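Given the structure of chain A, go ahead and fit chains B and C onto it with the hints provided.
Protein chains in written order, with my numbering: chain A, 3 to 324; chain B, 12 to 321; chain C, 7 to 367.
Any given hint could be a false lead.
[As the list claims (entries may be wrong)] Below, in silico cross-link-like pairs of lysine-lysine (DSSO-like), each with a Cα-Cα straight-line distance of 27 Å or less:
1. C/Lys198 / C/Lys101
2. C/Lys276 / A/Lys247
3. A/Lys134 / A/Lys201
4. C/Lys87 / B/Lys209
5. C/Lys198 / C/Lys276
6. A/Lys247 / A/Lys263
7. C/Lys222 / A/Lys263
8. A/Lys201 / C/Lys198
Hints were generated in silico from the structure; no laboratory data involved.
All values derive from a computational prediction rather than experimental measurement.
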Amino acid sequence: MSDALLEVDDLHTHFHLKNKTVRAVNGVSFAIKRGEIVGIAGESGAGKSVACLSILRLVPSPGRIERGRILFSGEDLLTKSDRQMRDLRGQTVSMVFEDPLNSLDPAYTVGSLIGEALILHKGLTKRAARTKAGELLRLVGIPDPERRLDNYAHELSGGMQQRVMIAIALSCDPALLIADNPTTALDVTIQIQILDLVKQLRDRLGMGVLWITHDLGVVAKLCDRVVIMYAGEVMEQGRVYDVLKHPRHPYTRRLIDALPKLGRPDQRLMPIEGRPPDPANLPAGCPFAPRCHRARPECEAGDVPLVETGDGRAVRCLFPEA
Amino acid sequence: MSVVNLPLKDEPVDGRALPLDAAEAQMFRRPSEWRIFWEAFSRDRLAVGAAALIGLVCLISALAPVLSPYDPTVGDNALRLAPIGTPGHLLGLDGQGRDILSRLIWGGQVSIIIALLPVTVASLISVLLGLVAGFFGGKVDMVIMRTLDVFFAFPAVLLAVAIAGVLGPGMLNVMLSLTIVLIPYISRVAYMATVTVKSELFVDQARVSGARPSQILFHHILPNTLSPVIVYGSTLVGILIVLGAGLSFLGLGITPPRPDWGIMCSDGRNFLSVAPHVSAVPGIMLILVAMSFNIVGDGLRDALDPKLRK
Amino acid sequence: MTIAAPPELPKLPKLLEVPILLEVKNLVKHFPVRRGFWASGPPAAVRAVDGISFDIRRGETVGLVGESGCGKTTTGRMIMKLIAPTAGEIRFEGKSIGGIPFEEERAYRRDVQMVFQDPYSSLNPRMTVGSIIGYPMRIQNAYPGPARDARIRELLELVGLSRYQASWYPHEFSGGERQRVGIAAALALNPKFIFCDEPVSSLDVSAQAQILNLLKDVRREFNLTILIVTHNLSVVEYLSDRVVVMYLGKIVEVASTADLYRETLHPYSKALVSAIPTPDPDVEREREQIILRGEIPSPLNPPTGCRFHTRCQAYIGDVCRDVEPELREVRPGHFTACHLYSGLTAAPAAPGASRAAGQLV
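Extracted from the complex, chain A is given alone in its bound form:
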């Protein structure tokens, strides 16, 4: 418990629609320590975003957290009141989203957007908030911050907008930053600036970071540990080096094999056959079994447990690779 910042334990989040139940998250467990950057990786539809929204209890209805515990600094967030959660969000745990243009209110200047959280949570005066906002803009590497405070979001480039989002997220010194794919829409040279920024901020401020992405390359660049998700379950997790260099779950291995690798253009890409399962209609047993080249009948028979193999490594597979 000492430096475990966040512990998600057996989280289940389901969406109850008119004639079916979409089981977006099915038994996800992972932990983040203070100062650690953990990546949640997987293809679209794997449940990554829903899992993180669940942490902040921002799952839109008809979604509901069915089961599980979310321990933040030892306290279960699922037992907190709405009011306590509101205090938590934006202050202790903040979130950065994928599309900054949609998340930044176009009617307000950058200064107001950043200042809003400061005034709300920390009770600063308008002037103090403006000063702090300028400092934050400098912190996230925006040149000429005083002038930027009076810009509107749409007047800035994509990279700058994302930095503004990060500035807003950092304004109240959160202990945990959750980022949902914030760099997918950015050019690579800008993305690498943002990734570098996040690493430096982590070093400076010591916060924990949860980074959702579908790009394993970003995981390799940024994260300390990674959680691989598929169909709402954790397939594998561990230190980035271990998981990416020596993947044990067949899905992880197939994900890596499907990517074109810099420096090896002649290696034919190996796509994964088939399609991900319908989250409203999940098969029994391992969800990846229908597409897995190592699957055997036992895989689809019953639930496959997540087995810890020491050193923070865990695999949910009956026949993992060595």
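Just chains B and C now, kept in the frame of chain A:
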């Protein structure tokens, strides 16, 4: 169709082993557009009901000469203002002793045509204007749309009243004024649809294939523009039923002695306390039919959306 | 601002003289910007493409790479005749494609086809995929009669779908499958040249791999010449023989794929290569991490001299700010536009020697 495993190369979709030719013929037979549309539309039972109601009303009104029990213009003074359920007069009589049911049936002809015809004519003109303005852009766009914008400055109802006032009463003039009022609104819908579709990549694909602008307009832009116009149009019919009745109510509509639901409402306004049914019956009819058109419009919107098919 | 005299068309030393299929010469595209009534100064324009030249040989796959605002997509759209150039010319099989009569343009469109970026917008939702694939044939009156249906089925199978899916609508397919339909439509007229505009950027990892493999297979089978525009250098490496790197409307480097990755010359290309995330932690650890300063400038107002000088980690001095470097052949078949190699400075500095402080915080 979310979790279908793709059929292997020569296996028919339903898995049964059919001889190749018959299977191919079967798989290639596309259900006709009408069938697809009907299947989608019939899923919305409310819309189907509303459509049935409209159909019934139209049918009865069309058969007025046959179905109307009495001459709608001749009154029996002795039975003035007789209430609903008076023997021989199901819906009672109005201030001049005329049978309300007969006037309702005959009136339907006017009230519905006054709504349907302007919408249809205005839609045809508007689709043309919107397509041309949206597709060619530039100066053409500016000239057409800015001219239409001038009309937006006037509230529709006021404009209809003004034009009708200038032209004078009479069915044709009413329809003319309503048509003119509608054109800017429908044109805008057609224009927005055209502009949206024009920026879709499949239009570029058509250009890259060598399609002429006229081919692009007909094959791609028009079909995608028609649906929003049809949906909007059906809502407008509902509005026009009421608007047309309003014009008649104000005396700017058709000339008596021909009945329409608006005039019927107007006729009864002096008797609201003693014989409310004279105004209420045509009023209720107006509401029912207008709402039905709205509901059908909603149903059409869902049925015409290609993504909700199959 | 005058454009510098055009460099000689690069002549690639090849064992066999393969004919040039498509040539781009001094291509320029400026998009005029409408400004308010009270705006002063010269009329503004977005200088999307500002004088580029390159060629593509028969059977080659050329990758055109760069980030936002570099002009790669605009270049491709000019090649597809979706927009007209402001200046310069494009030649296909030796003949200019500008200002030609309609029949010749139709013939051009039979030979030159396109695969689009967004599989959700590039298929008309109201048409079945069979009609979509058949549409180019219908427009061009190719394969009349029952032969057309047969060809549609053939094309569906070629791209890995089932012939029985011809009557399905686009929304019934996944993104990767829709992109296959797009490829089938592009192949319908048996083109010689295909322009792929970011064909895999909006796809999942697995679909990406499938489409890239499909493109490789189809290219081999039909001896296609391909121009692929993308920002993803690992995709380019997988598919292309040669790479053209663009920045803010100009070409900064041209090389064979192997040469580009083995010895990246231009500082921007180096930064680009170093920024591509790759899922191999060893590679990530070992390679040089170049983090550029600042944002990509706006093509409305590109920097003077070398357009990259405002962010360049190898900035030499005033020459970079004042003089625009020419594209010249620095190694055999390897061209770059950079003062490190232009001979206008003292002995070419080792790339990366004067690395600007790239730290941001």
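Outcome of the hint check:
With a C-alpha separation of about 15 Å, the suggested pairing of C/Lys198 with C/Lys101 holds against the 27 Å cut-off. Between C/Lys276 and A/Lys247 the CA atoms are separated by roughly 25 Å; this keeps the pair inside 27 Å, and the hint holds. The suggested pairing of A/Lys134 with A/Lys201 holds, with an alpha-carbon distance near 21 Å, which does not exceed 27 Å. Using a Cα cut-off of 27 Å, the hinted pair C/Lys87 and B/Lys209 holds, with the two alpha carbons roughly 16 Å apart.
Restraint check for C/Lys198 and C/Lys276: the C-alpha separation of about 33 Å exceeds 27 Å, so the hint is violated. Using a Cα cut-off of 27 Å, the hinted pair A/Lys247 and A/Lys263 holds, with the two alpha carbons roughly 13 Å apart. Restraint check for C/Lys222 and A/Lys263: the C-alpha separation of about 16 Å stays at or below 27 Å, so the hint holds. For the given pair, A/Lys201 sits about 48 Å from C/Lys198 by alpha-carbon distance, which is inconsistent with the 27 Å threshold.
Hint compliance for this structure: hints 5 and 8 are not met, and every other hint is.
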